[in-house]
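*Asks:* Below, each chain spelled out in residue letters.
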Amino acid sequence: MGRPGTGFKRVRTAAMLATLFCCARAVGAPGWQGRPYAVVMSHIQGVGQPSTGSTQLTLQHDATCTVSVSVNTPGDEVLTVRGSGGGGPTLTTSYKITGIADYDANWLSSSAFLTRWYTLNGNATDTLMLSVQGTGPANSAPEAGAYTAMIVLTVTF
Amino acid sequence: MFRKTIIRAILAACLMAMPTIVRGAGSDSTGAISITATVDNFAEWGDSANDYTILATDFVHDGTQHTINLVNQTMTASRDLTLYSNVNVTLTAVAGAHSGILTDSTNTYYLTTAYSLSGANITPAIGYTGLLDSSVFFTAPVQYALAHQAGLGIYTVTLTVTASSPPAAAPEAGDYTCGLSLTAAWN
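Those sequence lines, one after another, are chains A and B.
Residue numbering for the first sequence follows the working numbering, beginning at 206 and increasing consecutively.
Residue numbering for the second sequence follows the working numbering, beginning at 378 and increasing consecutively.
Hints were generated in silico from the structure; no laboratory data involved.
Every residue, glycine too, gets a C-beta built ideally from N, C-alpha and C.
Careful: at least some of the hints might be erroneous.
Unchecked claim - Label-pair ranges, simulated between beta-carbon atoms:
#	chain 1	residue 1	chain 2	residue 2	range
1	A	A317	B	T560	20 to 28 Å
2	A	P279	B	A426	41 to 49 Å
3	B	A474	A	T303	46 to 54 Å
Work out the full structure, taking the sequences as your base and the hints as a guide.
*Replies:* Here it is, written out as structure tokens:
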């Protein structure tokens, strides 16, 4: 039998170590790594020619989490020539995410993409490949210019 | 002993719960992604083969006749060509087979051949309106400006060709052929 109070000291030490351990885990914060992200796509130079581009998104997570897709403003998900007047020409925009178990086998329309969410399991660092495709009409030349879109991916634990 | 067990249990619970407590249950992380696609200025003929044909049966005079059977007779053929464009373009013609002059198979006889390009948004160079003889149509000053209309990426360019027999002699019987190339250029 030890001295009185020894057990409490051991417990207190263990608790301090546990707290340090947990704090250390919190410093390497889970979430998106390497932001900001940008996708610069290939140029369209002919009718019916798609423009494509992709970027890798690194997500560090220490528990199962979900990734959802949203926009700051409705319509931001569609590649559009955005001028001061608004309502500029658009490209048919599709998305897909690959590189994870819960991947997209096919292109998703921009509206369908906004309703999609992805599950990432366990404690891991995943690399998601976000691919974007913009396509002009099949029977006319799309207006020349820079078409932009903006989406937000949110990971929830 | 009982108190130690309780404390260990609390400690174990803390160890399991701490990551969540530190991060905060239901917390999230957002990543905004900007996306940019560029459409270049371009013009493109609509026919995938870029190869159009005007047949003998496309020529007409007097409503239904597809052949020349008199002197000083003119028959006309037109062909609508689709041009996809998102930019102002200049249309020019270059003579092809038989220098763009309808010529018989012996390469000896010819029909007077004239051309024009027309269509919405298409303006000929000043002084070159209407049908132009092949001797003029293929020269440098003859250009047609197609003005791009925002949001309209498709245009119809109508090529009109006329074939005329001489005014005072019967042309040799047979098929007369020729060729030309049209170019859409932009800056």
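*Asks:* So which of the earlier hints does this model not fit?
*Replies:* Violated hint: only 1; rest satisfied.
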